[in-house]
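*Asks:* Residue-level listing of the chains:
Protein chains: 2
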Amino acid sequence: MGLSTAYSPAGSRLATAPLAAAAARRGSVQHLRPRRPLIATVRCSVDAAKQVQDGAATIAAQEPARHKTGRLPRFGVFCPTYDLTSDDKTKSWKKLVTIAVSGAAGMIANHLLFQLASGEVFGQDQPIALKLLGSERSLQALEGVAMELEDSLYPLLREVSIGIDPYEVFEDADWALLIGAKPRGPGMERAALLDINGQIFADQGKALNTVASPNVKVIVVGNPCNTNALICIKNAPNIPAKNFHALTRLDENRAKCQLALKAGVFYDKVSNMTIWGNHSTTQVPDFLNAKIDGRPVKEVIKDTKWLEEEFTMTVQNRGGVLIQKWGRSSAASTSVSIVDAIKSLVTPTPEGDWFSSGVYTTGNPYGIAEDIVFSMPCRSKGDGDYELVSDVLMDDFLWERIKKTEAELLAEKKCVAHLTGEGIAFCDLREDTMLPGEM
Amino acid sequence: MGLSTAYSPAGSRLATAPLAAAAARRGSVQHLRPRRPLIATVRCSVDAAKQVQDGAATIAAQEPARHKTGRLPRFGVFCPTYDLTSDDKTKSWKKLVTIAVSGAAGMIANHLLFQLASGEVFGQDQPIALKLLGSERSLQALEGVAMELEDSLYPLLREVSIGIDPYEVFEDADWALLIGAKPRGPGMERAALLDINGQIFADQGKALNTVASPNVKVIVVGNPCNTNALICIKNAPNIPAKNFHALTRLDENRAKCQLALKAGVFYDKVSNMTIWGNHSTTQVPDFLNAKIDGRPVKEVIKDTKWLEEEFTMTVQNRGGVLIQKWGRSSAASTSVSIVDAIKSLVTPTPEGDWFSSGVYTTGNPYGIAEDIVFSMPCRSKGDGDYELVSDVLMDDFLWERIKKTEAELLAEKKCVAHLTGEGIAFCDLREDTMLPGEM
Numbered sequence: 004m005g006l007s008t009a010y011s012p013a014g015s016r017l018a019t020a021p022l023a024a025a026a027a028r029r030g031s032v033q034h035l036r037p038r039r040p041l042i043a044t045v046r047c048s049v050d051a052a053k054q055v056q057d058g059a060a061t062i063a064a065q066e067p068a069r070h071k072t073g074r075l076p077r078f079g080v081f082c083p084t085y086d087l088t089s090d091d092k093t094k095s096w097k098k099l100v101t102i103a104v105s106g107a108a109g110m111i112a113n114h115l116l117f118q119l120a121s122g123e124v125f126g127q128d129q130p131i132a133l134k135l136l137g138s139e140r141s142l143q144a145l146e147g148v149a150m151e152l153e154d155s156l157y158p159l160l161r162e163v164s165i166g167i168d169p170y171e172v173f174e175d176a177d178w179a180l181l182i183g184a185k186p187r188g189p190g191m192e193r194a195a196l197l198d199i200n201g202q203i204f205a206d207q208g209k210a211l212n213t214v215a216s217p218n219v220k221v222i223v224v225g226n227p228c229n230t231n232a233l234i235c236i237k238n239a240p241n242i243p244a245k246n247f248h249a250l251t252r253l254d255e256n257r258a259k260c261q262l263a264l265k266a267g268v269f270y271d272k273v274s275n276m277t278i279w280g281n282h283s284t285t286q287v288p289d290f291l292n293a294k295i296d297g298r299p300v301k302e303v304i305k306d307t308k309w310l311e312e313e314f315t316m317t318v319q320n321r322g323g324v325l326i327q328k329w330g331r332s333s334a335a336s337t338s339v340s341i342v343d344a345i346k347s348l349v350t351p352t353p354e355g356d357w358f359s360s361g362v363y364t365t366g367n368p369y370g371i372a373e374d375i376v377f378s379m380p381c382r383s384k385g386d387g388d389y390e391l392v393s394d395v396l397m398d399d400f401l402w403e404r405i406k407k408t409e410a411e412l413l414a415e416k417k418c419v420a421h422l423t424g425e426g427i428a429f430c431d432l433r434e435d436t437m438l439p440g441e442m
Numbered sequence: 004m005g006l007s008t009a010y011s012p013a014g015s016r017l018a019t020a021p022l023a024a025a026a027a028r029r030g031s032v033q034h035l036r037p038r039r040p041l042i043a044t045v046r047c048s049v050d051a052a053k054q055v056q057d058g059a060a061t062i063a064a065q066e067p068a069r070h071k072t073g074r075l076p077r078f079g080v081f082c083p084t085y086d087l088t089s090d091d092k093t094k095s096w097k098k099l100v101t102i103a104v105s106g107a108a109g110m111i112a113n114h115l116l117f118q119l120a121s122g123e124v125f126g127q128d129q130p131i132a133l134k135l136l137g138s139e140r141s142l143q144a145l146e147g148v149a150m151e152l153e154d155s156l157y158p159l160l161r162e163v164s165i166g167i168d169p170y171e172v173f174e175d176a177d178w179a180l181l182i183g184a185k186p187r188g189p190g191m192e193r194a195a196l197l198d199i200n201g202q203i204f205a206d207q208g209k210a211l212n213t214v215a216s217p218n219v220k221v222i223v224v225g226n227p228c229n230t231n232a233l234i235c236i237k238n239a240p241n242i243p244a245k246n247f248h249a250l251t252r253l254d255e256n257r258a259k260c261q262l263a264l265k266a267g268v269f270y271d272k273v274s275n276m277t278i279w280g281n282h283s284t285t286q287v288p289d290f291l292n293a294k295i296d297g298r299p300v301k302e303v304i305k306d307t308k309w310l311e312e313e314f315t316m317t318v319q320n321r322g323g324v325l326i327q328k329w330g331r332s333s334a335a336s337t338s339v340s341i342v343d344a345i346k347s348l349v350t351p352t353p354e355g356d357w358f359s360s361g362v363y364t365t366g367n368p369y370g371i372a373e374d375i376v377f378s379m380p381c382r383s384k385g386d387g388d389y390e391l392v393s394d395v396l397m398d399d400f401l402w403e404r405i406k407k408t409e410a411e412l413l414a415e416k417k418c419v420a421h422l423t424g425e426g427i428a429f430c431d432l433r434e435d436t437m438l439p440g441e442m
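Same order as they appear, the protein sequences are chains A and B. The first sequence runs 4 to 442 under my numbering. The second sequence runs 4 to 442 under my numbering.
With the rest of the complex left out, here is chain A:
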C-alpha cells in the first residue's frame, strides 16, 4: 500500500537547521535563555530551577536526562517532568495522552488547543501533552500560543512543546490533528492546491509512520482534506488505514442545525445525520436517513423542494455567509467540530445514532469505490476506533449524488498519484468544488 520510506535520523537533524537560522536572524529576543543548537527559541525552566535552593528543585532535576534522548524539549513552565503518581490529586489520573497539532499558530488551533487543555474533550482525569507544529514563519507566534497556554494554568496540561519538524513534533503522538495547510492563492487551480498541500501531507504521513504511536489516530482538517487524508494513509503503511479521518463534522453540525431551524425544533432533536463523500460542494447531506425526534426527516419536513435543493445549498454556503458577516472563516465552530469528532471516537455513540467522518473506503458495505477517503456514517464503542453503519436507506436521488462525489474523489486521487506511489499524476478536475468560505 503506497510508499514505504526509510527514515534516517540524520535527515531530522538537517531539517531543523532552518530553525536555528531563523532564530539567528531575529537577533536578541527578550528573556531568551542560553541557546541550544537545535531548539534556539525554546525557553526552559531547568536553569531557573537550579537557582532554587531547596526541595522544590528535585522535581526538575530529572529533566536534563530526558533532553539527552533527543526529544523535542518542552516549553517554559512545562519543562520539568512531573511525577503524577506521587501526588494525591493526580495519582488516579489516566496515563498522559500526547496530541500533536499542525497549523498550531492558526486561528482554528487557537480555539482547539485551549479546548483540549481544559479537559472538555478527553475528560477531567486525562492529563494532556500538546505538541505544536508550525512553520519557520510562524515559530514566534507558536511561542505566543505556548505562553498563553502557560498563563491559562490548566491543571491537566502537563507538557507543551513547539517545533517545525514533523519528525520531532509527531514523536509518540497518540492523536495527530492536521489543521495546517497552505491557503489557495488568487487564481490557483484546485489541481495546484492538491499538489502543494498533498506534498505537505505526504511528508507528514511519512513522519507519522516513523515516529508516532503505532496506533495514532489522525484527523485531517487542512483542505482538500479527504485526498490529503488518503495521501497520509499511503505514506504511512505501518499505521492502520482505519485510523485516518477527514473532518466532515462541521458539515454534519451545520446540516443538523439547518434541519432543526426548518422544523422549528432544538438541534439536539436531530440525529442520524450523514454527510456522504468529499468535503467539497459535491458532499451529500443525507436527509433520507436523518431523523428529527426519532422520525424520518421527510415525515416532519414536508417541503421536498427545500430538502432537495435549498437544504444542501444552505449547508454548503454557510461558510461563505459567515465570511461575509464575520470577515473571517469559521475558526471557533470548526474547532468545536474537531472536538466533536474526537469525542465521538472516545465516548460510545448513543444507541441508534451515528456520526459522519471521512474514512477509508476499502471494505465498505455501500458499494462505494474502494481505496479512497469518503465521509460515511460511523459508530464507536468509545475506544478510539469506529465501525461503519450498515443499515442505511438508499434511493436513486441519494445514490446519484453519492456517485458524483465519488467520481470527484477518484479524479482527485488521480491528481495525486505521484504522492501516493501510484505512478504519474493525471489531473482532470473540471469544476471548482471548494466550499465557500474555506481556504
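Calculated directly from the structure, the hints in this document are not laboratory data. Every residue, glycine too, gets a C-beta built ideally from N, C-alpha and C. A few of these clues could be false.
The calculated DSS-like cross-link candidates involving lysine-lysine, where the alpha carbons are at most 30 Å apart (straight line), are [to be verified]:
1) B:Lys346 <-> A:Lys97
2) A:Lys92 <-> B:Lys272
3) A:Lys92 <-> B:Lys305
4) A:Lys308 <-> A:Lys294
Chain B regions said to be covered by chain A (calculated; three or more residues, Cβ under 8 Å) [to be verified]:
5) 136-146
6) 249-261
7) 324-333
Could you slot chain B onto chain A? The hints should help.
*Replies:* Frame of chain A; chain B shown alone:
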C-alpha cells in the same frame, strides 16, 4: 451613592433606531427574513416553523407571544421557546442562567462565548442564555458569532440574542461580562480614554440598574477596568456594589505561572496569589503572601532581587511580549481568566486559598481608601458572592506599593467625577500606566 437616573422606556425605543437605519444602508442581506422594525437583521425560525406540518411545530407555537412582550427576540434556531421540564434529558437541569456579554463580536468574546456554552464554566446541568451586545458597526459580525454558536450544537445553549441597546440586551441578566471598550487611539491620553470609556460604562451601569436581575454579577474587563467598574457601581445604585468586579485574574494567573517557572514547579503548586490594586502598571503582585507547595514564596525562591524587581515587571510585560510574538493581544488567555473569575464565584474556594478580584473597597480590613475598586484577596462559598480575606501579611515594601496603586485609583476617580455624580472632573494623571499589550 452616585447618580440615580430615572429610565424611560421610550428612550430605549429611540436608541434602537440606528439599528434599523444601519440595516437599511446595508441593503439586501443574503437569507434575510421579513424585517421587523426594531430587529431588522435577526432571523427567526418562527416563520419556518409555521411551514412544518406536524407536531414539531407546537414547540415553536409559543414564541410569537413572547415577542409581544417587547423582549429582544432570539436568533435563528434559538427562537422557539423550549420547555426543559418536559424532556427526560433536561428536566433535572437547573433554571436557565442569562449571561450578557458586551464586546461580543471581539476576539476575547469569540473564545469566551464558546467556553460558556460548552458547560465548562457553570456545569453540565446548567442551561445557558447568551445575550450579545455589540455596536452598530459590529452587528453583522455579531450575527456571524451567533451563527457559529448555532453550528456548534451545544446542548446547554438554549437562547442566543444579539443587539446594540444595553437596555434590551441586559434585560434579566444574571451575569454581565463587560468586555467591550473603545481601544486607545494613537496619541490618546489615558485621561481621554477614561472619559470615552467611562461614558460607555456609565450608560451600561444605568442599563444594568434598570433592566438586569437585581442581583446581577458584573465583571468589567474593558479598560481601564477598575475605574470603569467604579463608574458602573455609581450608576447602578439598585445593584449591590459588592456585585461588581474588575478583572485582575489574568494578572494573577500570569504571576502564578512566573513563580512556578522560577521555582521549577508546576503551576498548580502556587497558591494564595494576590494582585493588589489597579489593573495597570502600578498593580502589585504579592509575593509576601503567596505560597509554593504550601510554603511562603520567599522560603522557596531565595532570589530576593528577582522577586522585588523582575517578577513584577515580567508579569506586567507579559502582554507586551505576547503582542510581539503572536501579533495580537492575548484573547485566549484573557478569556480563560474570565472563566476562572466566574468559576471562583460559583464554586467554593479551596480551603486556605484565595483568588484576586478588583472589588469595591468600602469596609475593607486593610486600610485601603474607601469607595474605589481595588484588587484584593477574596474567598467564595460558591454562591456567586465573596468575602475579603483578613489574615494577610503586610510589610513596608508591599504597603508602599499598595499606597502607590491606591493613589493612582484615587486620581482616576477624580478624572471621572462627572460620570459618578461627584461633580466636576479634575484630571492629573502623570504617567502612562496602561499595561503593555492591552488596548
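*Asks:* Would you list, in rising numerical order, the hints stated earlier that this structure does not obey?
*Replies:* none
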